[in-house]
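These protein sequence lines map, in sequence, to chains A and B. Residue numbers for the first sequence, in the UniProt record's numbering: 1 to 403. Residue numbers for the second sequence, in the UniProt record's numbering: 1 to 403.
Just to be clear, a hint being listed does not mean it is correct.
Intra- or inter-copy, both count: the list cannot distinguish identical chains.
Stated by the list, open to error - With a cut-off of at most 20 Å between alpha-carbon atoms, the simulated EDC-like pairs for lysine to aspartate or glutamate come out as follows: (1) K396 with D31; (2) K153 with D80; (3) K96 with D151; (4) K149 with D122; (5) K397 with D60; (6) K91 with E268; (7) K397 with E186; (8) K378 with D60; (9) K334 with D86; (10) K378 with D95; (11) K149 with D80; (12) K153 with D95; (13) K6 with D100; (14) K334 with E33.
It is worth saying that the hints were derived from the structure and are not from the lab. No experiment lies behind these values; they were computed from the predicted model shown.
What follows is the residue order along each chain.
2 protein chains.
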Amino acid sequence: MNRKPKILILGAGYGGMMTASRLQKGNFHQDAEITLVNKHDYHYQTTWLHEPAAGTLHHDRTRMKITDIIDTHKVNFIKDSVVSIDKENKKVKLDKEELDYDYLVIGLGSQPETFGIPGVYDHAFSIRSVNSVRLIREHIEYMFASYNKQDEKDDSLLTFVVAGAGFTGIEFVGELSERIPELCEEYDIARENVSMYSIEAAPTALPGFDEELVEYAMNLLESRGVNFKINTPIKEVQDGKVLLDDGEVIDSQTIVWTTGVRGNSIVEEAGFEAMRGRVKVDANLRAPGHEDVFIIGDCALIINEEINRPYPPTAQIAIQQSYTCANNIKALVKGTEEELEEFQPDIKGTVASLGGKEAIGVVGDRKLYGTSASTVKKLIDNRYLYLLGGMPLVLKKGKLNLF
Amino acid sequence: MNRKPKILILGAGYGGMMTASRLQKGNFHQDAEITLVNKHDYHYQTTWLHEPAAGTLHHDRTRMKITDIIDTHKVNFIKDSVVSIDKENKKVKLDKEELDYDYLVIGLGSQPETFGIPGVYDHAFSIRSVNSVRLIREHIEYMFASYNKQDEKDDSLLTFVVAGAGFTGIEFVGELSERIPELCEEYDIARENVSMYSIEAAPTALPGFDEELVEYAMNLLESRGVNFKINTPIKEVQDGKVLLDDGEVIDSQTIVWTTGVRGNSIVEEAGFEAMRGRVKVDANLRAPGHEDVFIIGDCALIINEEINRPYPPTAQIAIQQSYTCANNIKALVKGTEEELEEFQPDIKGTVASLGGKEAIGVVGDRKLYGTSASTVKKLIDNRYLYLLGGMPLVLKKGKLNLF
Numbered sequence: 001m002n003r004k005p006k007i008l009i010l011g012a013g014y015g016g017m018m019t020a021s022r023l024q025k026g027n028f029h030q031d032a033e034i035t036l037v038n039k040h041d042y043h044y045q046t047t048w049l050h051e052p053a054a055g056t057l058h059h060d061r062t063r064m065k066i067t068d069i070i071d072t073h074k075v076n077f078i079k080d081s082v083v084s085i086d087k088e089n090k091k092v093k094l095d096k097e098e099l100d101y102d103y104l105v106i107g108l109g110s111q112p113e114t115f116g117i118p119g120v121y122d123h124a125f126s127i128r129s130v131n132s133v134r135l136i137r138e139h140i141e142y143m144f145a146s147y148n149k150q151d152e153k154d155d156s157l158l159t160f161v162v163a164g165a166g167f168t169g170i171e172f173v174g175e176l177s178e179r180i181p182e183l184c185e186e187y188d189i190a191r192e193n194v195s196m197y198s199i200e201a202a203p204t205a206l207p208g209f210d211e212e213l214v215e216y217a218m219n220l221l222e223s224r225g226v227n228f229k230i231n232t233p234i235k236e237v238q239d240g241k242v243l244l245d246d247g248e249v250i251d252s253q254t255i256v257w258t259t260g261v262r263g264n265s266i267v268e269e270a271g272f273e274a275m276r277g278r279v280k281v282d283a284n285l286r287a288p289g290h291e292d293v294f295i296i297g298d299c300a301l302i303i304n305e306e307i308n309r310p311y312p313p314t315a316q317i318a319i320q321q322s323y324t325c326a327n328n329i330k331a332l333v334k335g336t337e338e339e340l341e342e343f344q345p346d347i348k349g350t351v352a353s354l355g356g357k358e359a360i361g362v363v364g365d366r367k368l369y370g371t372s373a374s375t376v377k378k379l380i381d382n383r384y385l386y387l388l389g390g391m392p393l394v395l396k397k398g399k400l401n402l403f
Numbered sequence: 001m002n003r004k005p006k007i008l009i010l011g012a013g014y015g016g017m018m019t020a021s022r023l024q025k026g027n028f029h030q031d032a033e034i035t036l037v038n039k040h041d042y043h044y045q046t047t048w049l050h051e052p053a054a055g056t057l058h059h060d061r062t063r064m065k066i067t068d069i070i071d072t073h074k075v076n077f078i079k080d081s082v083v084s085i086d087k088e089n090k091k092v093k094l095d096k097e098e099l100d101y102d103y104l105v106i107g108l109g110s111q112p113e114t115f116g117i118p119g120v121y122d123h124a125f126s127i128r129s130v131n132s133v134r135l136i137r138e139h140i141e142y143m144f145a146s147y148n149k150q151d152e153k154d155d156s157l158l159t160f161v162v163a164g165a166g167f168t169g170i171e172f173v174g175e176l177s178e179r180i181p182e183l184c185e186e187y188d189i190a191r192e193n194v195s196m197y198s199i200e201a202a203p204t205a206l207p208g209f210d211e212e213l214v215e216y217a218m219n220l221l222e223s224r225g226v227n228f229k230i231n232t233p234i235k236e237v238q239d240g241k242v243l244l245d246d247g248e249v250i251d252s253q254t255i256v257w258t259t260g261v262r263g264n265s266i267v268e269e270a271g272f273e274a275m276r277g278r279v280k281v282d283a284n285l286r287a288p289g290h291e292d293v294f295i296i297g298d299c300a301l302i303i304n305e306e307i308n309r310p311y312p313p314t315a316q317i318a319i320q321q322s323y324t325c326a327n328n329i330k331a332l333v334k335g336t337e338e339e340l341e342e343f344q345p346d347i348k349g350t351v352a353s354l355g356g357k358e359a360i361g362v363v364g365d366r367k368l369y370g371t372s373a374s375t376v377k378k379l380i381d382n383r384y385l386y387l388l389g390g391m392p393l394v395l396k397k398g399k400l401n402l403f
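With these hints in hand, go ahead and build the complete structure from the sequences.
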């Protein structure tokens, strides 16, 4: 009796989840034993997390039970944390057990990039999981609830610092600026007592975005009370304060760190050659020298040949990779290696939401502002749900208030 | 020209608010200048505060704008804090100004009684104002939100200690026990990870209440997971822990102090003879030796001659006092001192809510349990609104889900 080859997928983010979803189609479980491992029993939309972090969307809207999407007759699901990967012996150590594999898909996602700035891990929040954004939401409310209980009012309770004016930082501060007036109402606090800062080391907010759109976003957010400090590196984060390179100190009890991500340290620890936790994969999305290991999503490094720089890790690329990855695994299992596909990203555009009905974006050659950009953003969010779980999932979790 | 006598009411709790409301009736402002001073621009229902503290009722349901109730053409309203009372010179110092009076009504309410137990002010919450209960609600949520973010789970985050199993303590732990399952659902926490303690120094919960009803309440609350520690004095409160006299230490990040109240220290500092901040007033509700100073509500001490012990300070007594107080002020201003009334409490009953549709109570000679007690409790709450603002206020803020 032939043993069925074991396919092990680590991580149920965009890449891992979509790979599992692609593999379960066409009854591939008859040819291989497919296992998906994830820390939580739910999958969540990482790109939506700025909304529950600010409290403008409930976190349950951003997540779904994995076994509601994956057919467990076709794909085994194990809820456990990955501890380490032993690529020589083809084993993966989890918290509670050890698994072996014939083909491995690493989709373990990213970790916050601190650039070695002291105090970030100890004193700043990050937008990276349901647990972490729920804490940010409640922390912000707790600051508002505490303010009026103090005899000597401490304005650092109502000072909110977002470190990094990249994509996530701008999207979060956009939501926050929409949420602040509601919080002021709820906690009997005058709007002028609240401060918001968006701090960016680079010479511009949203580096790489169209200049005109960046200006639109900054004007809009400034009109909602956001103070921008661009070209201003952060020197250190301490308990209750942010120290800037230019000598300024901002007293704040709420510092949200969004200066970008790196790959997962488990990938580095496994001995793959990596840059900041990201492995430069081959054209088939495999780790160099390891034909049985696919790496996708935020742990995969792919060079944009046109500008000779890596593509930024996005949900869009992770989803596209999952198609190539699933097809290539099928080819390897079936022994039709001539059918291995090369991955080619197809960047359709980028839209950043700014809270409320505002957004900016580039789709193809078109620049979008305001409501039309916001609508496109929601369509993108819904499209992913459609790819993952069809129309029922769109109806259940989608953003149906399009305008 | 005759100067109109000045009537100054300090505090817009049950007593002060109802006195102002009584005085504005019958156009008494033509005879006297009436001023009401309060720290906030709203009046709130102190006896409902255990609900917003647990998060089972929004705090806006427990409060109303003072100028929505008081007609400012008849009664001046000043939003300010009372600093001190100079009874010899008939002046009251506020934060921002000084006022003089001909007749003073002190309705400044209570302060938590700590019995000198160390650490209470620094490490425990109390249920005494909109600001304080909003903080408790958010603190509880923050504990739940923090739990899953920790690598080493700290169960003290999910341990809730209510110090004092008197009226407020039992009502609060009742609401909390109703709220916990919702919080477990919201924050992905198993119910068995949460602990609740009700700790009481006296030999029984709800001292003074009918024994059979106390047993009913304790059985019900135990079935919802409350651990009772009766006859167990608290020795000290420290950051994150409660030390009991019997040597046990309970690790808890949330300690709510409800062991009773004392009168207001401003009354003591003004030189009135007081026991724990409460002044034993004369039959007309005046401070002994001060015919121009009325003291009502939690700062007034009235002896129940039948048992030779003070009546416990309640909303019921404060409201009854306001009628006597307002009538007596009118008599003094009109120079009809023979019409001065003597205050006689008329205790109609006591009902304690236990969360959900549960309550216990004694009304007249009847013991009440369960839904019928809960309905009576709501009728009592609505009756006060009716006395204060008539049917429109009942419809706006009342508890209309009677069964």
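Hint check results:
no.	hint	verdict
1	K396 with D31	neither (32 Å within a copy, 66 Å between copies)
2	K153 with D80	between (45 Å within a copy, 16 Å between copies)
3	K96 with D151	between (50 Å within a copy, 16 Å between copies)
4	K149 with D122	between (26 Å within a copy, 13 Å between copies)
5	K397 with D60	within (9 Å within a copy, 31 Å between copies)
6	K91 with E268	within (16 Å within a copy, 75 Å between copies)
7	K397 with E186	between (27 Å within a copy, 17 Å between copies)
8	K378 with D60	within (17 Å within a copy, 34 Å between copies)
9	K334 with D86	neither (25 Å within a copy, 95 Å between copies)
10	K378 with D95	neither (37 Å within a copy, 52 Å between copies)
11	K149 with D80	between (42 Å within a copy, 16 Å between copies)
12	K153 with D95	between (46 Å within a copy, 16 Å between copies)
13	K6 with D100	within (8 Å within a copy, 87 Å between copies)
14	K334 with E33	within (13 Å within a copy, 95 Å between copies)
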